[in-house]
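A.B. asks: Chain by chain, the residues:
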Amino acid sequence: MKKILEINNLKKNFRTERIFFGSNKIIKAVDDVFFSINSGEICALVGESGSGKTTIARCIAGLETFDSGSILFKGTPLIFKTKEERRKIQYIFQDTYNSLNPRMRIDDTISEPIKYHFEIKGQKLNEEVNKLLKKVGLNESFRKKFPHELSGGQRQRIVIARALSLKPELIIADEPVSNLDVSIQAQILQLFLELNIKDKITFLFITHDLRIVYNLADYVIVMKDGKIVEQGQTQKIYSKPQSDYTQNLLYSIPASPFKN
Amino acid sequence: MKKMIWTGGIILVFFLCLAIFAPFISSYDYKEQNINLRLQPPSSKHIFGTDEFGRDVFARMLYGARVSISVGFLAIAIATLIGVSYGAISGYYGGLIDNIMMRIVDIILTIPVLFLILMLIVYLGPSISNIIIIIGLTSWTDIARIVRAEVLKIKNFAFVDAAKLIGLPKKIIIFKYIILNISGPILVYIVFGISGAILTESGLSFLGLGVQPPFPSWGNILTAGKDYIHTAWWLVLFPGIFIFLTVFSLNILGEGLRDFFNPKLKRE
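Note that the protein sequences, when read in sequence, are chains R and D.
The first sequence begins at 1 in my numbering and counts up one residue at a time.
The second sequence begins at 1 in my numbering and counts up one residue at a time.
Just chain R, same shape as in the assembly (with noise of 0.2 Å):
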């Protein structure tokens, strides 16, 4: 299968402030990551709060600068130059109440970037918003709203319909139902795999929530402090957890089914 993100020795590291005549600490966010995701897999970074989950994710998708490695996406470097480069990676937050501007209604949020990248304009604009709120599960009447109207779960279809406006190739999830409830999590998660299996987009699906990934993904990476634990097919890490930390990841889980 071809790879679509190859990610090779990737460090970050934060400076702590240095307060008075203290030193200034270093904290390795990232450090020497290896990995990558095959096209159209949905790919799992799962690991606790503070393993550098999130930062790998903002490295992929320029948010942040790393110190050194590389991070390739079909082969060549990410340098987020051009528009075309700058659509095919998007991004899902977790944080569903600041993900979406408070100022603009639902439909200039998913007409912009449209209207940037593909110079749309007048009807078929028109039809292309209507087309994206029906592929996440809302309909017209949302166009006219301002995001705080919206629940949750709602406003994570908008941000979810924005991201697939520019058509992308990779999409970033970074813990995109943990501020949801269990009944709505399991409709988002389903469009994730909806949109994995008919539109090919290649997830990286970032969660602490094992349960999730069992269902979902067909690769998983296990992190712990800025390192990768233990890569590997889902099947193969649920039935044959190599490290400690993924056997005590697994044990416990609430009614865990893969205990001894």
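Some hints here could point you the wrong way.
Straight line, CA to CA, 27 Å or less: simulated DSSO-like cross-link-like pairs of lysine-lysine [claimed, not checked]:
no., chain 1, residue 1, chain 2, residue 2
1, D, 153, R, 145
2, R, 145, D, 170
3, R, 124, D, 164
Computed far set for chain D versus chain R, every beta-carbon distance over 12 Å [as the list claims (entries may be wrong)]:
no., residue
4, 1
5, 7
6, 20
7, 73
8, 100
9, 199
10, 214
The hints are simulated quantities; they were obtained by calculation from the structure and are not laboratory data.
All residues carry an ideal CB built from backbone N, CA and C; glycine is no exception.
The hints should help you fit chain D onto chain R, whose structure is shown.
C.D. replies: The following block gives chain D in isolation, referenced to the frame of chain R:
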């Protein structure tokens, strides 16, 4: 909170109407002198009395409102334009740029503003446009600091990242995604700023360095009146009340707006 906005707003609109409709409210000319009628106390003909040249004080107050209020609004318009751009750039880019820009603001803040204004006016000459520009150029630091602090907060919100992911140009991100979302605090500052600028202008005119006679402003009507304070009380009372009420209305309006935009205070 709503009461404050309404009270402040109504008083302010009242004074704005006085300024805008001055020729329709009073039939007297603000510079027409009549020596026979000098220092007349308030009467039905001259409701605020007349001054030492026999000019109608009410008419002078109305035209003075035009000067005082427009100096306040225009000076703060300049200050807002500079302050918002400065603060937004400083906050958005952060790091070294932010550090340098904010240290410049700190230096400016150490200069006593009123003396700086006095010096500049003595040097450039006291005309209305000079006063507007000078007040504008000396009062943008507060808003720059407020805007910077708000930008620092907003720029980490996910919707700003979303705009970056679309690849939108920086100026669209800064204006449509950041500044639009801090219009509340900016508006509050504008209201307080106008009240401060009106007071500054009155103070300057009182010192004789503001609007020059025969053009009326509330400050110079007050100055002219101070020589007659024992015999002609109406010359100082009315401009004093007008300045007080305008500044008061702007301050409670600003206070009300500040509470209105504070999400931590519950809205009834």
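A.B. asks: Hints first: check each against the structure and report whether it holds.
C.D. replies: Checked hints:
For a cut-off of 27 Å, the pair hint linking residue 153 (chain D) to residue 145 (chain R) stands: about 25 Å separates their Cα positions. For the given pair, residue 145 (chain R) sits about 26 Å from residue 170 (chain D) by alpha-carbon distance, which is consistent with the 27 Å threshold. Note on residue 124 (chain R) and residue 164 (chain D): the hinted pairing holds, with a Cα-Cα distance of about 25 Å set against a maximum of 27 Å. At roughly 20 Å, the least C-beta separation between residue 1 (chain D) and chain R is larger than 12 Å, which holds for a residue marked as non-interface.
Chain R leaves residue 7 (chain D) outside its interface by the beta-carbon criterion, the shortest separation being 28 Å against a cut-off of 12 Å. For residue 20 (chain D), the non-interface assignment is confirmed: its Cβ lies about 31 Å from the closest Cβ of chain R, beyond the 12 Å cut-off. Remark: the non-interface label on residue 73 (chain D) is consistent with the geometry, its nearest Cβ contact in chain R lying 25 Å away (cut-off 12 Å). Distance check for residue 100 (chain D) against chain R: the nearest CB is about 18 Å away, which clears 12 Å, and the non-interface claim stands.
No beta-carbon of chain R comes within 12 Å of the beta-carbon of residue 199 (chain D); the shortest separation is about 33 Å. A cut-off of 12 Å between C-beta atoms confirms that residue 214 (chain D) is not in contact with chain R; the least separation is 48 Å.
Comparing the model with each numbered hint stated earlier shows that all of them hold.
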